[in-house]
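A.B. asks: Put together the whole structure using the sequences plus the hints.
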Amino acid sequence: MYKTSIEFCRHWRQFTKLLLTMKLVIALLLCSLFQAKAVSYAQNVTIHVKNASIADVLEEIGQQTKYDVLFNNLHLKGTKPINLNLDNVPLDQALAASLANESLTYEINNSTVIVYRKAKTTISKEGIQQTRIITGTVSDTTQKPIPEVTVRIKEKTAGVKTDSRGQYQISIPKGGLTLVFSAVGYETREITVNNRDVVNVTLNQAVSDLDEVVVVGYGTQTRGSVTAAVSSVNGEDLHVGMVGNVSNTIGGKVSGIITRQTSGEPGLDGASVLLRGTTPLVLVDGVERPWDKVNQADIESISMLKDASAVAPYGLKGANGVMLITTKRGSMGKVSLNYTGEYGYQKPMNTPEFMDAYASMSLRNTALIMDGKADQVVSEEVMNLYKQGTDEYPNTDWVGNYLKPSSSQQHNISASGGNEKTKAFLSLGYLDQGNMMGDTYGYKRYSIRSNVDIKPTPITTLSVDLSLINDQRRFQGISSSDLMLDLYRLPATEPDLYSNGLPAFSPTLGGSVYAQLHSGSNKQNNEFQNVSLTLNQEVPFIKGLSAKANFAYDKQLYKYKQWSEPYISYQLNTEGEYVEHNGWETSKPTLYEGDKFWTNYTFQGYLNYQNQFGKHHVQALAVYERRWGNVSELTAGRTQYDFAIPELNMGSPNKEYQSNGGYSTSYAQEGVVARVNYNYNERYLLEIAGRYDASYRYAPGRRTALFPSASIGWRISEEDFIKGRFSFLDNLKLRASYGKSGNPVGQEFAYLSKYLVSNSYVFGNGSATPTQYQGVYEGQEPNTFLTWETVLKANVGLDVNLWKELLGLSFDIYKDKRNDKILGPDAIVPTEYGIGLSDENAGKESRWGYEFTLSNHTKITTDFNMSHQFVFGFTRNKQIEIREAAGTKNVPRKRRTGLPSNLTWGYKTAGLFKDEEDIANWAYQNSSVLPGDIKYVDINGDGKIDANDQVVIGRNATPEIMWGYTLSLRYKGFDLNTFIQGTANSDYYLGSADRGVRYPFENGKPLQSQADSWTTENPNPNARFPRLSATKRTHNYETSDFWMVNSSYIKLKSVELGYNFNSALTRKVFIDRARLYLNLYNVWNIFSKMPKDFDSENLTYTAYPQQFISTLGVNVTF
Amino acid sequence: MVLLSCLVMGCNKEFLDITPRDSITDEAVWSSANGVKQFVTDVYNNLTGPLYNFTTLDGSWMLDNFMTDDLVRNQASWNLLNFTPSNTPIDSWTSCYTKIRKTNLGIEKIMESTVLLDEDKSRYLGDLHFLRGMFYFELFRYYGKVPLITKALDRNTDEIFYERNTMEDVLGFIVNEFQQAADLLPRDISDEEIGRATKGAAIGMKALAYLFGAGIVDSKYYADAASTASILIDGELQGKYSLFQTGATPRERYANLFLEDYENNSEVMFDIQYAYPYRVTAFQTMTAPPAPGPGHDYGWGRNFPTQEIVDAYEMKDGSSFNWSNPEEAADPYANRDERFYASILYNDIPWKGQQLMTSSNVWSNNANAFVQNAPNGLWNTTATNATISGYYLRKHSKESVICGYDNRGRGIGGGHNLIVLRYAEILLTYAEAKNEVSGPDPSVYAAVNAIRRRVDQPDLPAGLGQSEMRERIRKERRIELAFENKRYFDIVRWKIGEMVLNGAVHGMNIVYKRNNEDEIVPTYNVFKVVDKVFSAPKNYLLPIPQSAMDKNPKLMPNNEGW
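As you go down the protein sequences, you meet chains P and V in turn.
All residue numbers for the first sequence refer to my numbering, where the first residue is 1 and numbers rise by one.
All residue numbers for the second sequence refer to my numbering, where the first residue is 1 and numbers rise by one.
Short derived list, chain V residues pointing at chain P, Cβ under 8 angstroms:
(1) P20
(2) T41
(3) K102
(4) I149
Computed beta-carbon distance windows for the label pairs:
(5) L903/P with K151/V: 38 to 44 angstroms
(6) T769/P with N34/V: 16 to 22 angstroms
(7) R474/V with N660/P: 52 to 58 angstroms
Hints listed in this document are in silico derivations from the structure and should not be mistaken for laboratory results.
Small disclaimer: the values here were computed from a predicted structure and weren't measured.
By construction, the Cβ of each residue, glycine as well, lies at the ideal position given by its N, Cα and C atoms.
C.D. replies: Structural data, given as structure tokens:
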């Protein structure tokens, strides 16, 4: 196998032949797999020959180095025998020496040496014989070393690469030469060596590098050759200090994404991510896996696949777009060690401001008087007592007592390095996020990743990826979400802690927040274990062909343990005694615990072909994929613990106090992917892709389908009529794609008639011991026709780069048409039908939108760099067919069909009623309307307000527009990164805040802003809140635009200031590089129309507030 | 290697054939006797909803609470009847038709069944006809004219849009269901079967259906109601049921009837089964006073008796209570019908080891002053669940049951049954119907007096005219069956909504004052809790939910006024 010579082939017929043999190749791959031996081999060469043919020498070199040395016998024709005396010289020297007398040159490509006849330019003999060594470091403008930079002599194609510290060593012929430094993502630089021995180089980052490698479905492509709508972001650009969840870092960083973080609670603060308006499929290193817990520091890049062409390889799961997360891998060179340590301080932002005891009682008194219940008014004398805030007359600031600042820390250590045989990336992460509720609440995450690539032979790569993530969310007797609800509703007039430190009984709660917070324990552990084994084998006989097999075994274990302890609270009685309220005597601790396992298996077999025939570039891919797995859960509980040891075996032996449960499910999917890319002279690009897919979810016969797509690209800037004339136009590419993909939603097994069982009725109650029986009932009506939704996707895009990096623009406009959308058919079947109906493929929806990224990089002076990036996305859907009930469909004002989804219907309002006369002159609302109540608009003009007057009053809570603006400045060692995020076209309905806002005196409490309510003392028809009442005034709480607010926002999301220490100085203490930085997150609401008690992102009033986080961090590389 | 090649090359079809492990097939259910039994068990388990529910923590578990003059809810908006078809607190429509499908399907499948013994077959059919009758009776009482669907519809083959049937048809169907059930069901059942329907339950429900029909369809049904009820009193089933008499005092004899310790007693004809810890009730937690007893013992005080029901309890001597009688007004809770003490918690009585104070102020030794917030007091500014009427509910409750957490240490829950039909109601049904048919004959007196004698109330005076007797029976029903989900339908039957539900309902504000003798004494002030609004004919029926109207235009128009 090492001894090979093949004919170079540039003929089409051979290429087609190749396609025919593809089937055989998998088998060949497998053969090679089992024949590959773990041999150690040298890279250096020792050769002593006389009058040997070059072919023999090359063969010998191949043997010794285990490199494949490929040449064309025609090229060697006429070469003279050579004499060589080489002792342990590097490969390239050996090759150079062997070919020195001939017009031959070579190229090292991975572990293949290709020898071919060179063009006219020759290097003098002296040049080869008299070499010298040049060393140096390549770094970027921030002095950060760049690994994997190719360093080569200008005239040569072969070169060396920098290691992970950015250092290189190259031997060059004596004399003045030019070295070329090139790397993905950076501008290529040429440096004249002259007489220097050390050449240190700084490379500028390329804003839009057409050679940048983009991760696409089941492979990679260069930016220049991509015809699909793919946007991507580097892992580094996602870094925003102490933000634990990846999902919170991508909004506004990459086009087409809309994120919404609805809770700030550590461990539960993941944002919902929408790609072009729908929830994408997410893959980590090519496999569907839980992703939002992935350690950010391990992420190399994230790609968003948006159009039909990009998602085609994902077949029936691709319709909503695909998000690919790729983790870092080891690079060649010495091992570098990187440490990042961060310390963060966070505090809640946008928390509601409530009235104190006096103010809320006084407001309630006003309300009672207006309600005609003056007899219930609390006297001024008593109210004044509450001002003091005594045990008997408390004045509790619930929010202030519990929503406290907290601190977090995060540490990451990673090592990266390797040589030609082994490359590795190892990382260890630790995150500890504090909770505003105190020390007993919080979130911790440990993560380990090991991505190792081994080359047992020069053409074989075996990758072993391991990832372990363990996170733990802990809290005590009450979850933070329940606690938030309590804090926002418990009146200031109820006590929290008494002056003697005893937890007070709160009648509204029926207990004590404090005692609950300090009793029991709750732990939720997630353990993610991901293992991938990948074998990549280049097929030796055919250039450009490789086969790959990937097997992934993923396991997730979710473990929870909930220990509830009874707690005691106290009440101050009329005798002045603190009486115990809840006692031990009646209840004892309980324990519930459960284990839930997810096990997923993925097998992927790849065939890859890539070659260039003159100006024809061809890339082809075939993948077979199979995915299966199961979920199972076991739960157990015990009550009546005599001893406070939270273990099952310490629980009562009495069966009545024991419980258990469990279930399991499985799934399976398989598919075949094919993709062919062709480009002519990098000018005309074509891609055809598709997947034949099958899923277990549907009835036999409804399980398989083909999802094809096609896309084209035209790099206008490569055309001759542009090239010379418009030199400023570095890149101009037009793209278009069209195709079909699927979305496997709808109930599983809907094709089966299913009867479900339940713990049912009790018979024999009374004198005999009652027995609970099992019951069985019809689950739902089966639908044997159910299948996935299909989406036809069309996309047109434009990529422009002007004046090098001064201006980059990428623009996409798209239209999706979703057919067979899954709907519940309830709307067309009467309620009296009496049974749950299966989903049907009956709906139609369209969506359109556009998105663009604008970027600029300006080098103001050599020390001062500035770059901007503006990312913008808009998306809007339209329901074409939703099976709307006749009752609304036939009334134009009520019709949902033809409109975007999730709009809100309700009444339009016209302020508040001024007085009785105003009420009399207005359309009839109902008999209980009083001055200060909301005036609803009589849309149909029939003189009365009823359901027929309801119209669209609000947009979807999910914004249609999201944008982000990043400004980066670098001056010498300093860098400043500012990120502004904005959304538009969304509304928020204040209904979720009923208890606080809409009827504050029923199990809630008034906000300070409610002082501006309509009252007889404040008869302001434009008051912020309608007529005050001690009870819920139903009239005012109809769904209306009075309670609808625009939830668009502009936030200064993150500001980071960093300082990079001078490497020359740090090296003295063996530190290659050090950076110190300060990051502020959720800095400032630049614009928001929301009332200040509400956050624009939280969709519920009582959500855990967003946190303002300031992080101090240090990053050190050894 | 071969294995891997198989994986790659062979796409075996079985790979995608996964069977769900959380369900069974149609065939598995109907081809075994156990499957059928479980199916019927599930239909019993569906005896829930506003009429038969002790489990729901909030909402309309007891419709009496906001739709009558007997109770008010502490969420005042519920006390008004101003809901709309798209926003109604009670949706029996959807739930009943779901249950009706189950009974339809069960009846069809059991008729065809070859795996059941004949005896079991007729018993299960009896169960299902009884239950189908119950569900249609619920629909009938709430919505009047409803579509009669008697088969498990298949939308591929059947017409699924049904029109509403006439009142006569619906009533006739219900009566027929109960009759069929009575023919199929046994008179006596074993202890293990307690909870299943019996012949007596079916006949009793049939009498109730006739009585309701007599009120809203045609008075000719009074005769049917009387004759059906008499089967249980002096007919075929005479002696099967009797008034419960266990208890040392008349008060206990009445109070015990509803407690878990005595459930399924001789008076109970059909009840919803609850048994801790399988099917637990939240009743006591929902109704008990919020301020603590010992342990986790506090309630949510959701339903408060009104002054109207309090005043309706007679004096011990059989006379009506009268505020203008100075003696009665000075001490309004003295010498009342024993059922008052068994049904209502009022100010300054011992409850769970303390004095229950529902007054709006209370003397504090600590503060040496009157303070406003008695823990369970009226308008307590800190306790959201404190009474808004000055009373709490006692009936169905056992003083020793711990409310918040039960004495076994697990959350909220109790296990006492909810009585749907008891013999006392049969006696009152008979008396009312018979009086309408033929006036107050001795059998009418006998039926009413039997109930009064249990609680030591004097017999009705002799010589009452038909309408006097009618008033007496209505009063007796209100007291005897108070808080048992009967009052609302009685208001509908008697068409007295405009009278009793149009205007204020009242509460009792007890204020302590220092009198001239320097004693702290209560003063009694009746006050308005809320103005109820009742408009006829609208409020005599519930609106069909708008969602159901939207889907089936044949249901139009909605009930009058909605």
